[in-house]
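Undergrad: Chains as they are written, first to last, in this note's numbering: chain A, 1 to 266; chain B, 1001 to 1281.
Certain hints may be false.
[Unchecked claim] Taking CB as the label site, the calculated pair distances span:
| # | chain 1 | residue 1 | chain 2 | residue 2 | range |
| --- | --- | --- | --- | --- | --- |
| 1 | B | T1110 | A | Q198 | 57 to 67 angstroms |
| 2 | A | L253 | B | R1107 | 39 to 49 angstroms |
| 3 | A | L250 | B | Q1126 | 52 to 62 angstroms |
For the record, the hints were derived by calculation from the structure and aren't laboratory data.
We put the beta carbon where it would ideally sit given N, CA and C, even for glycine.
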Amino acid sequence: MNRVLTALLNGLAALGQGVLSAAAHTGQLTLFIRQLMGRLIPAWTRPKLIVQEIYAIGVLSLVIIVISGGFVGLVLGLQGFNILSKFNATESLGVMVALSLVRELGPVVTALLFAGRAGSAVTAEIALMKTTEQLAAMEMMAVDPLRRVIAPRFWGAVIAMPLLAGLFSLVGIAGGYFIGVVVLGVDAASYWGQIQQQMQPMDDVMNGVIKSLVFGVVIGLVAVFEGFNAEPTSLGISRATTRTVVLSSLLVLGLDFILTAWMFGA
Amino acid sequence: MNSFIQFEQMSFSRGRNLIFDRIDMAIPRGKITAIMGPSGTGKTTLLRLIGGQIKPKSGRVLVDGLDMGKASSQALLAMRRRLGMLFQNGALFTDLTAADNVAFPLREHTRLPPALIARIVALKLQAVGLLAAADQMPAALSGGMARRVALARALALDPELMLYDEPFTGQDPINVGVLLRLIASLNQALGLTSVLVSHDVAEVFAIADCVFVINEGRVVAKGSPDELRAQMPHVPFLRQFLEGAPDDNQSQASQQSANYLANALGLKPPSDKRSALRGTR
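Bound conformation, chain A alone (with noise of 0.2 angstroms):
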């Protein structure tokens, strides 16, 4: 019995510390979010230094996001030439790849891709120069370190994932037209007609884009967070960056069906 409550008493206790920690959490992340806030257009005063983690964090992540995009379109092509061969509509498969990437393959892959590429760089590094004391020195030479290097690693992620995630999507739909177009046969007229006819700028590649940006705003945000808030150690970094992939990811999958619900549920 008295094994019992004391499991009973540990289970609460561990419930408390955990809802606590979260609350914790939480109240750190609006304190950081409204500190960011602050600076996130003072940072355009130095759009060079933007531009150089647009560089790091999309151009480095070209590679993978065009490679990955390839694939997925020489999948969905082969995929969609079996099923729609089954109902003699092999001619819309450049619009069923499409679609599918447009509105949701794109973003939320190269999303996932980006969060393990370009996510854990960032927060790897922050948390390293938190670690050595960069931003400290950063501190007591009077420049503040979440404009000089929160501020434009965070811009750098929302500008470079729309980016990356259209180039995603154009890389598959291409993919899909080697597949269907040269090695199936599907004739390219329908292939790109069907793409035409079907898909509305406004709505899909709207949607796609918002849908990307969004990812972009969550990945950065959680990147800068778990790297500056990190534990100054080697085990602390470790954690933070593996919480960047994971957090940001089940983020990602999370809002996008949201996201999903709002934009094309019924």
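Since chain A is already given, all that's left is putting chain B on it; use the hints.
TA: Same frame as chain A, but now just chain B:
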């Protein structure tokens, strides 16, 4: 005495751990002041309090009359431009060359043309004897060189106050000598006020004008190195700290462990320590 920094009844705690308990200290202008004490007494915390990176729990930290705990962020930034700090590990920006590290505060705070910045950087690097290493990345520098580059960076904006956090830790004797000479000569040549946090007694006593010894949150001794030597017989902790003697409990415990080990290895412990060994059984 004209003081640059004043701690007035200043207390600081981390969680329930009281780091400083109502300390009073006046750090004179234009001198080298050392703050000494055993590891973990909060010496680095003291430098962060001076820089306004953390705020005291009670009392005041005044830097040239400005209350660093209550100053607005604008006033704090303006004051920090007058300070230079040498961090324990140098804290160089790892993605910038040595020269770019030194140029960093100049590029951030001035609108000087690049050619003039390059000239100032060269002068600062020359002052620490590392002009030849200007294009090297921090990873390629030895620990001593990195610390000297960090010193050049801290001096880039010609500060009035220099804060040194454990500058001699982990340095070979030659580097210690170089750093000692640099700190003393820079202080004199540039008319700086220097605050040195360290537990290296011999090095600090060689250059400091004034020394504060802190232990368990309180200032236990202060004065010039000669005055501290004179106080040594009367203040047990000071004597122990300056002479590097372990305290009685530690001494007894280590003797007992040595005897126990000797016994386990089948060696014969010294005869006069046998009673101590018996005491452990």
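Undergrad: Run every hint past the structure and note whether it holds.
TA: So, going through the hints one by one against the coordinates:
A beta carbon spacing of about 58 angstroms between B:T1110 and A:Q198 agrees with the range 57 to 67 angstroms that was offered as a hint. The hint said 39 to 49 angstroms for the Cβ distance between A:L253 and B:R1107, and at roughly 42 angstroms that hint holds. In this structure, A:L250 and B:Q1126 meet the distance hint of 52 to 62 angstroms, their C-beta atoms being roughly 54 angstroms apart.
Violated hints are absent here; each numbered hint is respected by the structure.
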